[in-house]
Amino acid sequence: AQSVTQLDSQVPVFEEAPVELRCNYSSSVSVYLFWYVQYPNQGLQLLLKYLSGSTLVKGINGFEAEFNKSQTSFHLRKPSVHISDTAEYFCAVKPSSNYQLIWGAGTKLIIKP
Amino acid sequence: DGGITQSPKYLFRKEGQNVTLSCEQNLNHDAMYWYRQDPGQGLRLIYYSQIVNDFQKGDIAEGYSVSREKKESFPLTVTSAQKNPTAFYLCATAPYKAMRGDTQYFGPGTRLTVL
Chain A
1 AQSVTQLDSQ VPVFEEAPVE LRCNYSSSVS VYLFWYVQYP NQGLQLLLKY
51 LSGSTLVKGI NGFEAEFNKS QTSFHLRKPS VHISDTAEYF CAVKPSSNYQ
101 LIWGAGTKLI IKP
Chain B
1001 DGGITQSPKY LFRKEGQNVT LSCEQNLNHD AMYWYRQDPG QGLRLIYYSQ
1051 IVNDFQKGDI AEGYSVSREK KESFPLTVTS AQKNPTAFYL CATAPYKAMR
1101 GDTQYFGPGT RLTVL
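Top line first, the protein sequences correspond to chains A and B. Be aware that the first sequence starts at 1, since it is given in our numbering, and climbs by one per residue. Be aware that the second sequence starts at 1001, since it is given in our numbering, and climbs by one per residue.
The hints are simulated quantities; they were obtained by calculation from the structure and are not laboratory data. Any given hint could be a false lead.
Said to hold, decoys possible - Straight-line alpha carbon distances no greater than 27 Å define the calculated BS3-like cross-link-like pairs of lysine-lysine that follow:
hint, chain 1, residue 1, chain 2, residue 2
1, A, 108, B, 1070
2, A, 58, A, 69
3, A, 108, A, 69
4, B, 1014, B, 1071
5, A, 49, B, 1057
6, B, 1057, B, 1070
Could you build the full structure based on these sequences and the hints that come with them?
Take a look at the structure:
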């Protein structure tokens, strides 16, 4: 069975510091990988996705993620966070043989002034 | 203005009542989804539909029902059989059957509270 693990439920970080949000998955088939952001009481918005090709993917708002097939990871990074990045971030995986997205539990990014 | 609309934004239900959550899209997307979100649990799939007049159960379909009579609309009914319906409900759409790596686009959500 496929699964997605977001290792940290909350990540506190000072403003202008770098951040990494971790995501690991398990799957027996090839996958597509996604990161979404959710601001309070809103729907989700796509940050970036990996389908194929270069393993380093750049997204909106200065975020990027790197697909590591051997470690089955897709960690999200930003070199310098801003107070407006306060949100919950979800990693999701879609097996190539399936219509469904499999979701991680989410990581709340808390920016300290 | 293209997008996904969900109504109402907030909904209160008495125990034993059925309620229907609306999801409408004008993106011309084929696939539509309903998710339930509870704190600390990520998103769980309730139902999804790839074409009109067809839909499939997701992981937590018990106590819920849907219809897909029009491409633009995918209403979700929360029945009295759903024992713990208080949650945030999200509707999503995707361009074409979503077998590929198509992005899912989300509506703003409906927060349902049982009184």
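Quick check: which numbered hints come out false for this structure? 1 and 4
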